[in-house]
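**Q** Sequence:
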Amino acid sequence: MKIEEKLSEMIKVETISEIGKDNAEKFERFQSKLKELFPLTFQTLEFHSFSGAMLLRWPGLDSSLRPLVLMSHQDVVEATGEWKHEPFSGDIADGSVWGRGTVDTKGSLAAIFEAVERLLEENYKPKMDVYISSSSSEEISGDGALKAVEYLKERDVRPLLVLDEGGMIKSEPLKGAKGRFAMMGTLEKGTCNFRFVARGRGGHASAPGKNTPLVRLGEFMTEIEKHDPFKAKMNETTVEMFSRLGSRMDGLMGFVLRHARPLSPILNKVLPKINTLATAMIKTTLAFTTAHGSNGLNVLPEYAYVTGNSRVISHEDADYTEQKLREIASKYDIEVETIMKNYACPVVDHNGKIFKFVEAKINEVFPDVVTTPYAMTGGTDGRHYSAISENVIRFAPLEINEQQYKSIHGIDENISISCLENGVQFYKKIIKDLYES
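Numbering (numbering that gives the first Met the number 0), first residue to last: 0 to 436.
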């Protein structure tokens, strides 16, 4: 069976993860399908399950060597709206495999399993232990990957390299940057969720007083919006990314990016005014996401709240962020409840030996691609592995176009058949060559 046909079968098994629901049965079905598609892998590798998360171990020839971990999650987000091809059809048409999860991230998961399956068919034995880690709750910030990491930590397993989802290969990731770029995530921001609570006496809306809970919440949000309390600061990852992108750009913008380091003080001030994505790479952000007041249209709330999702950069950590928000909220008699507080991950050294190794493998499979580190604004399961490895690189070796990029968590998600084989070859090289140099 061809790799695209295997991916098609994987897409047909719906694996939407939902908070507060027992999703176990669907992931059992999915893993049964994987066993059909990749029989040698499941016959040979040790299998462990943590709340539906899979951890498979391929024992290496030398147990003293630090292992390799290849990651890609099983779960997907919901698929609403009208699709060109049904979201769980797995249709193979127009040079693509269609359906929810093709890009995020069953495409790379299929490539990982196919790489291992083919190496087993060749009777290959890796030098070091190789792990496949795949959670079933990444999309809902579940603890499957965390439990797998705790299992490894108890056994003093410290991977030399962890490859998870993150950046991919894309043309012109920044307007004007000519060529194809492999975006290798080396910086992952922390994620915090806060609830901002305002209390009042309540009462009938026909005779409202001043500074009611919703008004105070509105004033608080307005201050955050108009007077951003978080400071932009260029980091080494973003400086290097801009430099490499700038090398493929003409004009003034190319000049500015190529000289991002000496121009950092200016970029710290200018970027927040012109580019939201670039800004998110160099500063902490806060987005207000949900709200609650009274249940009656004519009732003043005694209790009202808004929630905020904050993505925390390294130079203003989660503790600083929480303290700053508490200071501002107190001016409006608003309480701050911390729902979740995850710190920014350690940054992978883009000048280090392991990063350069992955770059070399990318260039062997994709010879015309420019590699670059980049700062991830979203979160991955890889963050948990930062506790046991200094080299957690967020990169999936699949090439996508602009439509496919926009289809992630959107409508008409699909992946080109032509990119899947290169993904398999990349993972094979990673497994075979990690200790060759």
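Check before you lean on any hint, since a few could be wrong.
To be verified - As a list, the in silico DSBU-like pairs of lysine-lysine whose alpha-carbon atoms are at most 30 angstroms apart:
no., residue 1, residue 2
1, K11, K169
2, K272, K405
3, K177, K124
4, K146, K352
5, K169, K355
6, K330, K209
7, K340, K1
8, K330, K152
9, K124, K427
10, K230, K340
11, K25, K152
12, K1, K405
13, K360, K405
14, K225, K340
15, K32, K124
16, K232, K169
17, K340, K330
18, K20, K405
19, K431, K34
20, K355, K177
21, K20, K1
To be verified - Computed Cβ-Cβ distance ranges for the label pairs, DEER-style:
no., residue 1, residue 2, range
22, K330, T288, 15 to 25 angstroms
23, R65, Y319, 10 to 20 angstroms
24, Y302, N274, 51 to 61 angstroms
25, D332, E171, 47 to 57 angstroms
26, D332, K272, 24 to 34 angstroms
Treat the hints as calculated values from the structure; they're not laboratory data.
Using N, Cα and C, we set each Cβ at its ideal position, and we do this for glycine too.
**Q** Next step is simple, just say for each hint if it's right about the structure.
**A** Right, here's what the structure says about each hint:
1. Note on K11 and K169: the hinted pairing holds, with a Cα-Cα distance of about 26 angstroms set against a maximum of 30 angstroms.
2. Restraint check: the Cα-Cα separation between K272 and K405 comes to about 24 angstroms, which is no more than 30 angstroms; the hinted pair holds.
3. Our distance criterion of 30 angstroms between C-alpha atoms is broken by K177 and K124, whose separation comes to about 40 angstroms.
4. Of the pairs offered as hints, the one joining K146 and K352 holds, with about 29 angstroms between alpha carbons and a cut-off of 30 angstroms not exceeded.
5. In summary, the hint linking K169 to K355 is supported, as the alpha carbons are separated by about 20 angstroms, within the 30 angstroms threshold.
6. Restraint check: the Cα-Cα separation between K330 and K209 comes to about 15 angstroms, which is no more than 30 angstroms; the hinted pair holds.
7. Using a Cα cut-off of 30 angstroms, the hinted pair K340 and K1 is violated, with the two alpha carbons roughly 43 angstroms apart.
8. Simply put, K330 and K152 have alpha-carbon atoms about 44 angstroms apart, too far for the 30 angstroms limit, and the pair is violated.
9. Distance restraint check for K124 and K427: the Cα-Cα separation of roughly 12 angstroms lies within the 30 angstroms cut-off, and the hinted pair is therefore satisfied.
10. Note on K230 and K340: the hinted pairing holds, with a Cα-Cα distance of about 19 angstroms set against a maximum of 30 angstroms.
11. The hinted pair formed by K25 and K152 meets the criterion: a straight-line CA distance of about 28 angstroms does not exceed 30 angstroms.
12. Distance hint between K1 and K405 is fulfilled; the C-alpha atoms sit about 26 angstroms from each other, no more than 30 angstroms.
13. The straight-line distance between the Cα atoms of K360 and K405 is roughly 27 angstroms, inside the 30 angstroms bound, and the hint therefore holds.
14. Between the alpha carbons of K225 and K340 the distance comes to roughly 24 angstroms, so the proposed pair stays at or under 30 angstroms and holds.
15. Our distance criterion of 30 angstroms between C-alpha atoms is met by K32 and K124, whose separation comes to about 25 angstroms.
16. With a C-alpha separation of about 26 angstroms, the suggested pairing of K232 with K169 holds against the 30 angstroms cut-off.
17. Distance check on the hinted pair: K340 and K330 sit about 23 angstroms apart at the alpha-carbon level, within 30 angstroms; holds.
18. In summary, the hint linking K20 to K405 is supported, as the alpha carbons are separated by about 28 angstroms, within the 30 angstroms threshold.
19. For the given pair, K431 sits about 23 angstroms from K34 by alpha-carbon distance, which is consistent with the 30 angstroms threshold.
20. A threshold of 30 angstroms between alpha carbons decides the hint, and for K355 with K177 the separation of about 22 angstroms falls inside it, so the pair holds.
21. At most 30 angstroms may separate the alpha-carbon atoms for a hinted pair to count; K20 and K1 exceed this at roughly 34 angstroms.
22. At roughly 22 angstroms, the beta-carbon separation of K330 and T288 lies within the given 15 to 25 angstroms, and the hint holds.
23. Against the hinted window of 10 to 20 angstroms, the Cβ-Cβ separation of R65 and Y319 comes to about 33 angstroms, which falls outside the hint.
24. Our hint of 51 to 61 angstroms for Y302 and N274 is violated, since their Cβ atoms are close to 38 angstroms apart.
25. At roughly 49 angstroms, the beta carbons of D332 and E171 sit within the given window of 47 to 57 angstroms.
26. Checked against the hint of 24 to 34 angstroms, the pair D332 and K272 passes, with Cβ atoms roughly 32 angstroms apart.
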